[in-house]
Structures are given as structure tokens and as C-alpha cells.
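Based on these hints, arrange chain B with the ligands on the given structure of chain A.
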Amino acid sequence: MTYDLQWNILWTGENGRWLLEGIWTTIRLSALSWIFACGLGVLSGALRTAPFRPLRALATCYVEFFRNVPLLVWLFFWYFGAPQVLPRAGQDWLNLHGPEFWSAVVALSVYHGARMSEVIRAGIQSVPKTLFEASVATGLSVGQAYRLILIPIALRLIIPPATNESLNLLKNSSLALTIGVAELTFMTRQVETYTARAFEALTAGTLIYLVLCLTIASVMAQVERALRIPGLIARGVRSES
Amino acid sequence: MLGYFVNSLFQAQQPAECSLLVAEQVRFPPDVPFAPKGFPGAGLLDFVVDGPTKQGYQDIVMITFRQVNKWFGATHVLRDVDLKVRAGEVVVVCGPSGSGKSTLIRCINKLEPIGQGEIIVDGRSLSNPTTDLTALRAEIGMVFQQFNLYPHMTALQNITLAPVKVRKLSREEAERIARKLLAKVGIPEKADHYPAQLSGGQQQRVAIARALAMQPKIMLFDEPTSALDPEMISEVLDVMVELAKEGMTMIVVTHEMGFAKKVAHRIIFMDEGRIVEEGGPEEFFANPKEERTRSFLNKILVH
Ligand SMILES: Nc1ncnc2c1ncn2[C@@H]1O[C@H](COP(=O)(O)OP(=O)(O)OP(=O)(O)O)[C@@H](O)[C@H]1O
Ligand SMILES: [Mg+2]
Chain A
1 MTYDLQWNIL
11 WTGENGRWLL
21 EGIWTTIRLS
31 ALSWIFACGL
41 GVLSGALRTA
51 PFRPLRALAT
61 CYVEFFRNVP
71 LLVWLFFWYF
81 GAPQVLPRAG
91 QDWLNLHGPE
101 FWSAVVALSV
111 YHGARMSEVI
121 RAGIQSVPKT
131 LFEASVATGL
141 SVGQAYRLIL
151 IPIALRLIIP
161 PATNESLNLL
171 KNSSLALTIG
181 VAELTFMTRQ
191 VETYTARAFE
201 ALTAGTLIYL
211 VLCLTIASVM
221 AQVERALRIP
231 GLIARGVRSE
241 S
Chain B
1001 MLGYFVNSLF
1011 QAQQPAECSL
1021 LVAEQVRFPP
1031 DVPFAPKGFP
1041 GAGLLDFVVD
1051 GPTKQGYQDI
1061 VMITFRQVNK
1071 WFGATHVLRD
1081 VDLKVRAGEV
1091 VVVCGPSGSG
1101 KSTLIRCINK
1111 LEPIGQGEII
1121 VDGRSLSNPT
1131 TDLTALRAEI
1141 GMVFQQFNLY
1151 PHMTALQNIT
1161 LAPVKVRKLS
1171 REEAERIARK
1181 LLAKVGIPEK
1191 ADHYPAQLSG
1201 GQQQRVAIAR
1211 ALAMQPKIML
1221 FDEPTSALDP
1231 EMISEVLDVM
1241 VELAKEGMTM
1251 IVVTHEMGFA
1261 KKVAHRIIFM
1271 DEGRIVEEGG
1281 PEEFFANPKE
1291 ERTRSFLNKI
1301 LVH
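These protein sequences, in sequence, are chains A and B.
In this text, residue positions in the first sequence follow the numbering used here: the first is 1, and each later residue adds one.
In this text, residue positions in the second sequence follow the numbering used here: the first is 1001, and each later residue adds one.
Only chain B is shown next, with the shape it has when bound in the complex:
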């Protein structure tokens, strides 16, 4: 289910223990062919795809790439990318350096414009000039390799900024949510610390809380643990695993294959701007079909 935890935060005065109950009530039975009212993607029947619903995610398409091509000058960085990500699905993207992984996810909130093709996010086409890009970005949380916290603001201010300025929440309400999120990511005592006073792992957890505070429908992660010391990686991954369990739609660029095995519904392998291979974690790791995938997996799994 989508964002139980985050949703529960927004239900005023509800103690955190209630979140599961609330989630139970809004559970969307897999055999109901439409999304309930108020659900992300509700009313977008054209985006309901056929076929059996895999346990754990919805048959609503949240993100569609259709024949997407992108160039940086003469470099062709995305080649004929076709991709569908459904609500609640966790997709891990891996591949060698320079293969276009970051570019792929940065296209989803249009941090990068594309050259050809179409991207549809939550029913809205990014190439349509009438799409309200700021409103769409507010629905998409993004976590970067280098954290990118605002250095002149405390952790709490980092988290409350967008809810207050974009969602127009009152400061008290935004702070209440921010404190719950900080507790959720395990650092409630760091609310008044500035980013430079936090460790890498703590900064990244604040960055995740900042993204979650907007109650996003989609979370994008670009190598969220690559800049961290080994002992801090697991504290960040734990938060992400929790989020995945709660049904968040996630696209995660990472080489943490343990994480991928544990939570990914699908793993995508990219090389030279192409999606070379994709599959569920079992088949992907057990018998990769492509030679390039095999040699890549050998490289990263061996040591």
C-alpha cells in the first residue's frame, strides 16, 4: 500500500501505532479494477494495465517511459528507453558508471529534459506544456548521492521548508510532521543541528525525511549510500527498506545488491544508455540472460 506511514503522519492527532489500522481500512484489494478515491492515480483508468497483479504493488502505472532518447551534445545517453513502473513497485537500477542511470531518474522530475519520446508521471506527460511541473515535482521525492541539504538551515528547517512554502502547511503542523519523520529515520534529537554538524548517514536520513515530508507518491534515490562510510550504509538502507515495506513507489539507483534482493520487485540493468536486461531479483541474480549483465554482476558481487 502506498505510503502508509507517510499518510498516517498527515492524519492529525493519530498516534503512530494506528497507522497499520488506518492502512487496513484503505487497503485496495488486488481484484478491484479501479483505484479508490483519494488514492494516487485514482481516476486514471487509462493507465490501468492488464495482467495479473503481482503481490505487493498496484496495477496502476505511475511512471511510463516511451521510446525515450536523450543526448548531451553529441553523447547519446539514453537510447530507446521503454519502462513502466507501477504504484508501490520498487525498482532497482544498476549498471556501469556512465551508463545513464542518474540521467534516467533525473528525467522523471525533469531535472533533465529529454530529446525524444515521452515520459508520463502519475498520468501527466512531462512534454505537455500545460503540465504544472512544480506541482508534479512536489509529488516526487528525490534523494541524492551528496545529500544536498540546505547548509544554512537546521535539519528541522530543511524538512519543513517545502511543506510550508509549497503545501502551505502551518509552521506548527509542518514541524509536527518533521519531528515525526526525524523520529522515523532514527534521529529525533538532531532536529536543531545544521547539516555540517551531522555525519553523512545522518545527513542522508534528514534528506530522506525532507523528501517524505512532501508526502510524495514516488521516491527517487540516486546512489543514496555511495558517499557514505561503510558503517553508515546500513542505517540509511534500513530506512529505505522500511519505506519499501510501506508500499512507496521507489526507483533506486544503487549497487547494494543485498538491498535489491531484499526489497526490489524488479532490477534493471543499464549499459550505454540502454536497458539491457530487467527481471525479478531471483531470476536476475540466478541466471542473467545477457553477457554484459553477467560480467557486470561478477565484478560487483565478487569482492
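Bound conformation, chain A alone:
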């Protein structure tokens, strides 16, 4: 018995619109979470190398706390648990703006922020300590040395692992379906349920994730090329000029 492939179910009826909505929600969810995760990651990653013990301890607590709990548990916590202890005004705001979506943003941000933090800490620690000394020796403050020297160099060094982490974030955003966010995986399942066409629907979902990830990877590769430091070896090629 052969399975009769019907690819047209992907765009007939409501299905096409659902998939597009799913893609858009996945992009919005991932992009917002990515921005917050990068912010948290840069801040806590930098603090983990700071020359002040209490700041280092604080950042270490953040990282160890948030990366050592499964993402699924964080999603449930931020969706079912955390809103209960919010003040009234906060709950009202959430209910107006879609509590599932924002809980997922928080969960993805803190979890991937903690993981990003490790990437950034490793990047900062691989910048020679002597560059930090050279910059404070000219009279820059510790904060300026981080902002102007250490972090800009570290960010260039960590583009490959940060890309990896960003792709993980995008893929992990699919877990948000468990708290009812209508993102891509959710919509794929919905198409499958309504049409009973599992193979076509899931193939479409797979390919869309693949395309999204490859796009991000190639954008990051462009960024890496654009930020390459002239004269330094990059990707095995000595740059001209």
C-alpha cells in the first residue's frame, strides 16, 4: 500500500495562513529572546571575569541557577508559576498581551542568557590579560577597558560558538508549544490534525526550521567576515590589504 502524497494541503484552506503565522511567531519569539539573552549573556559573562569578587559571585549564581534547570521546567515555571506572584497590574498587562508568548520569552531569555554567558566569558578570558593592562595603564577605567577593548575583541572571537547558541535558541523555541504559544511547531501539528496528513505537514515544518537556521548561519558568517580584524588570520586565509 502506498501513501498518496498531497503537498497541496499545505496551502489550501486555512493551512497556508497558519503556517505563515507560525513562522512569524517563531521568528518574533526567537528574535526577542535572542536580544535579551545576548544582553544578559554579555553582562553576566563580563561580570564573571570582573576583578571584583562579589560581582563575579553574583554572575556565577545567575549562570549556574538558570542553565541547570531544564528549559521545559523554566517554561512551566514562568507560565504557570511566576505570574501568580506578580502584582495585579503585571497580571493584567500579561493577560492583555498574551501570557504564553511573554512567559516563553522570559524562559528562553534567562536560560539561553546563562548559556550565552559561558560563551562570552570564555571569549573575554581568551583576550590576553596584557591588553586589559595596557588599556587601564593609559587611564581608562575598568568599565571603559571592558566596553572599548575586551568585549569588542571577545565578541569577534566568539561568533562561531555564539552562532551555535543562537541556533539552539531558535530550535528550542519549539518547546513553547507546550504552554500554548502558536509558533511553527504548534501550527504544523495543527495542520496535521486538521488534514490527517502527518508526513506533508511535518516535512514542511522540518524544512522551514532548516531554512531559518541556514539563513541565520549564513548571516552570522557574513557578520564574522565584516568584523574580521585586518591582517589577522581568519578562516585560514590571511586577509589582503
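Keep in mind that the hints were calculated from the coordinates and are not lab data.
Treat the hints with caution; some may be incorrect.
Said to hold, decoys possible - Restraint ranges, calculated between C-beta atoms of paired labels, are given here:
id	chain 1	residue 1	chain 2	residue 2	range
1	B	S1097	A	V73	52 to 58 Å
2	A	L55	B	G1115	22 to 28 Å
3	A	R88	B	A1196	54 to 60 Å
4	B	S1097	A	P54	35 to 41 Å
5	A	S126	B	A1286	48 to 54 Å
Don't be surprised by glycine CBs; every beta carbon is placed ideally from N, CA and C.
This is chain B with the ligands only, laid out in the frame that chain A set:
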């Protein structure tokens, strides 16, 4: 005189040839017992020391080490170091590897904290918690063995960063000074090159220009030519000789004894964290008093 050249750079619109004239006007006669206004160390009469003023430098103490001791864990790296460096003085520090030379000069801008004793730089005690360390560091230029240029910035950006961010100069003003300094160190055409596109000698000259751009009162050099190929050593030393002639207060860790003979007012020999011997270049090389100094000099001067 202190930093003629650098000072002249900061006098807006003054052509470089004028620098000597300007210097002439502010020359500080050796017999005047106080520093003129606006001069580094001015008003710090308590730091004026007695005794005849040696030609070429001031009787103002810029750096004082008082019974300084430092440990790295259990290793005792500086032992009872007493040292005074006066404004305009050029001091060369030499000694075997591990004797504490780098540590000594890194203590001056507190890249290393000390265990015991006191260090006073330009009238300010480093152990005093109210001393503004960043402001003090801005007055002290430092040049490292490994250049330590910021790899993601061009030569020009390396030089202008601190003047813009710390001294709050406008970008145009900072760039004008940076270009003059690049011309001074002999590589005006390299302004837009990144460190990785420069030779070692060129990188070190950019590093010197970066330090000078802050118009420092003191320049510290930690083996500035040790990482250079032989043919590049002299281009860096030439810049340093020029700087010494202009009256910069300099402490130079180096084994370039030719340089020491030519410009040092004083040579310090360190061993095992102690200042074993010090003296003017003639007596230091002609008849070193200590056995350890003699055997060290034999080792480095023979080949
Ligand atoms: N960060 C550090 N931690 C522990 N020990 C250190 C550190 N830096 C230096 N030391 C030790 O302190 C001593 C003095 O070191 P320092 O670098 O000042 O010597 P040096 O005279 O500059 O030697 P070299 O000629 O090799 O540069 C050495 O025994 C060294 O091993
Ligand atoms: Mg050393």
C-alpha cells in the same frame, strides 16, 4: 626639561619647529628652588630634595619607593626596595631574569599592588585610598615588551582612544596630535594600518606614540626591544633616545647597554628582588662594586 616635544604638541597651531623656543621660555633654572606653575610636580615643595642638581634633570622627586616589599604567594619578589626618581631623570633597570624588574615598574602604576611599604608618584601615595588611580595612570605612560596594541583598532585609533575617552579631547584634536606623534616616531604613513599589518618595530613605535598621546609625566618601558628582530631595535631605541633628550622622566627595563650608556642618568642592577647596586653609567660599567653586578655585566657584555 620635561616633555618639550609632547608639550609643544598640545600648544594649538604651533608649528613643530617652535617647540625649542617654547621650551626655552619655560626653562626652569636649576638654582630656582621651586617648580614653576603648571610644571609637573609644581607646588609639591615637600618633595624637593636637597643637594646639588645634576645637569639635565630636576630636583623634584617624581617617584619614591619606601621600603617596598612584595610577594607573589610565597615568592618574595621585591625586598626592601628604596628608590627615588627625579623629574627628567632617565633610569635604566637591569638584572637577571626573574629578579623583579617588571614587577618593580608595574608597581608604579599599580598594575601590581604591593605588600608592604609605600610608593609615592607625583606627590600621591598609591596606598592612599583617596588617590584617584585612573587619573594617576593617565599621567604615566607604559610600553610593554609585547606592544599590546588594540588589535581591532588602527594605529590612529589606538593613539586617540585614551585622549578622547579620558582627557575628553575632541576627535579632531586627538587625531591632529596622533598624526604628529606618528610623524615623530617615523611612521606617519601607517595611521590607518591595523597592528597585525605592522612590523614589530612599527607596532612598538605606535605603542610609544599611544603612551605619549596622554602627555604623561613619566614613561615606563618594560624591555621594549626584547621582542624585536635585531634590525628593528635601533628604530625604537632612537625614539627613546629622542624622548630622553627632551627631558622625559623615564624608567627603562632593558639590557641594551649602549642605550644605557648614552642616555641613562642612573643604572640600577637588581637581583632576587633587591636593588643590589646603582650608579651613573660611567662608574657602573667601569668599576661595579658588587660581585653579582660584575658577573652579570660579564655575561651580557661579552657577546
Ligand atoms: N603574576 C605572577 N604570579 C606569580 N609569580 C609571579 C608573577 N609575576 C611574576 N612572578 C614571579 O616574580 C618574580 C619576578 O618576576 P618579574 O617578572 O618581575 O622578573 P623580571 O626581572 O622582569 O624577569 P624577566 O627578565 O624574565 O622579565 C619571578 O620569580 C616570577 O616568577
Ligand atoms: Mg620582565
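So, going through the hints one by one against the coordinates:
no.	hint	result
1	B:S1097 to A:V73: 52 to 58 Å	holds (55 Å)
2	A:L55 to B:G1115: 22 to 28 Å	holds (25 Å)
3	A:R88 to B:A1196: 54 to 60 Å	holds (58 Å)
4	B:S1097 to A:P54: 35 to 41 Å	holds (37 Å)
5	A:S126 to B:A1286: 48 to 54 Å	holds (49 Å)
The structure agrees with every numbered hint stated previously.
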